[in-house]
Amino acid sequence: MAGRKKRSKSYGSRRRPAARPRTTPPAPPVEEPSLAEDPAVDEPAEPSDPGLDASDGQAADAPEAEPVETAEPSDPEPDPSDPPAGERLAEPDPDRPADPASVAKPARRPLLPRVRRRPVAPAPTPDEARRRLFRMSRPSINRGQLLAAGLTLLLGLALVVQVRSTGETGLSQLRQSELVALLDDASSRVDALQREVNALERDKERLQGEQGGAAALEAAQQRLDSYEILAGSVPVEGPGISVFVNDPERAITQTMLLDGIQELRDAGAEAIQIGGTRVVASSYVGSTSDGRVTLDGQAIAQPMRILAIGDSHTLSGAMAIPGGFSDSLRGVGADVEVTEHDSVQIDAVRELTDPRYARPVPASQAP
Amino acid sequence: MIPLLGLVAGVVLGLVLSPEVPAWLSPYLPIAVIAALDAVFGALRAALEGIFNDRVFVISFLSNVVVAALIVFLGNQLGVGAQLSTGVVVVLGLRIFSNVAAIRRHLLGA
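Protein chains in written order, with the working numbering: chain A, -1 to 365; chain B, 533 to 642.
What the hints contain is simulated information worked out from the structure, not anything from laboratory work.
Please read all numbers here as calculations on a predicted model, not as lab measurements.
Accuracy of the hints is not assured; some may be wrong.
[Stated by the list, open to error] Now the stretches of chain B that chain A is said to cover, found in silico as 3 or more residues with beta-carbon under 8 Å:
hint	stretch
1	537 to 543
2	563 to 571
3	577 to 586
4	636 to 642
[To be verified] Negatives, chain B to chain A, calculated, CB over 10 Å:
hint	residue
5	M533
6	I534
7	W556
8	V590
9	V598
10	L602
11	I603
12	F605
13	Q609
14	L610
15	Q615
Idealized CB from N, CA, C, for every residue including glycine.
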């Protein structure tokens, strides 16, 4: 603060007596500063380098800061929005007309606003800037430099520490709510795993117990049932939906049918029958040469009836998805009617064929 | 030159010692670092313009850091710490950008 005041005062006092003859040179148009400032600033600076370097800030600045109004010349954050060239061009104008008009008043008046004005740093030419950079790169030890070095040392330290601690992203970095969510997640997983452990241990005890044979048979039967349902080799019944599609123009495409099957499976359908064909893992949708859609190689008769067993509510919801199966079929002029049933019978079955190529991997080798 | 050496020494020190951030400091450190970076870029720009003053640098560095930490502290007390921190980071980021732009103009003339 003190330095600032002193400078602006001395600047004023230096300038006032010489107000008239000197006002024109200090703020010439853009090209001239390099001519006018260079000899004034840099030449005296270079011969007495050590002295200037020792107090880089003050001594070197004073002459440089002079030509243009720098009320707070040493603020390290000069207003970035100062257009370097525009300002300099604009500035002389208020000064010049004032000079011939009256001597005392205009010379003093600008001083007040000048002191308050934001710093207008003289934009150095690239040459100047590079020279200053070069001068800065020479080591010079004084109190200010050491203080600044201490601060930048702290900055470097803090920077590295912060980067490190961010990289770790340990639990200590998380907010309380995130920690609570994590804890909830972990404990619910622990619960689920614990339940699984209990169930498996019960199974193990039953299998190893006295009625081991019967229990093993029961477990095997259960597995067989679920595999048979999956493979579509047995008729099944259960809650589900029936979808009646009347598509006389045969506008349905392979994609639509695939989408429909996919939506039913996504909604948890456990067994699906389309027309007279059971949809299983190996089912495929194709088309005949005249554009009729086929399922597992058989053309689908019209009107088409789709049966699916699963949660009837979820299944009918899946059929009604906007832009989904029903929508796209209605879009091409077909009638679609979805009905929920408490009991749906799927009686189409599929012959099991022995796999020719695939062989199970022994359990010991399985990943 | 010496400040640059200081920066390098700080980075090396941090890498070698890898100190733990004390818990009470951890919310303020990132903002303080950005504020300090702002001061450093401002100082570099001022140095290129020939108006660098170490006193002002030290004061502005410290006040930047303290004010940034204060704002974060106040924000935490008011329950808007995250938003206020974002605001501070945006402002400081803008200033760093404009200072770097000025440095670039000075050095490259473009």
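Status of the hints after comparison with the structure:
Three residues within the 8 Å Cβ limit are the bar, and the stretch 537 to 543 of chain B against chain A gives 7, so the coverage statement holds. Judged by the Cβ-Cβ criterion of 8 Å, the stretch 563 to 571 of chain B is covered by chain A as claimed, because 6 of its residues qualify and three suffice. Only residues whose beta carbon comes within less than 8 Å of a beta carbon in chain A count, and the stretch 577 to 586 of chain B has 10; three or more means the coverage holds. Evaluation of the coverage hint for the stretch 636 to 642 of chain B: fulfilled, as 5 residues show C-beta separations to chain A shorter than 8 Å, against a requirement of three.
Annotated as non-interface, M533/B brings its C-beta within 10 Å of a C-beta of chain A; the closest such distance is 5 Å. With a cut of 10 Å on Cβ distances, I534/B falls inside the contact zone with chain A, its closest approach being about 4 Å. The Cβ of W556/B lies farther than 10 Å from every Cβ of chain A, with a closest approach of about 12 Å, so its non-interface assignment holds. In this structure V590/B is not separated from chain A by more than 10 Å, as the shortest Cβ-Cβ distance comes to only about 5 Å.
No beta-carbon of chain A comes within 10 Å of the beta-carbon of V598/B; the shortest separation is about 13 Å. At roughly 17 Å, the least C-beta separation between L602/B and chain A is larger than 10 Å, which holds for a residue marked as non-interface. For I603/B, the non-interface assignment is confirmed: its Cβ lies about 17 Å from the closest Cβ of chain A, beyond the 10 Å cut-off. Every Cβ of chain A is farther than 10 Å from the Cβ of F605/B; the closest lies at roughly 17 Å, confirming the non-interface assignment.
For Q609/B, the requirement that its beta carbon stay farther than 10 Å from each beta carbon of chain A is met, with the minimum near 16 Å. Against the 10 Å criterion, L610/B stays outside the reach of chain A, whose nearest CB is about 16 Å from its own CB. With a cut of 10 Å on Cβ distances, Q615/B stays outside the contact zone with chain A, its closest approach being about 14 Å.
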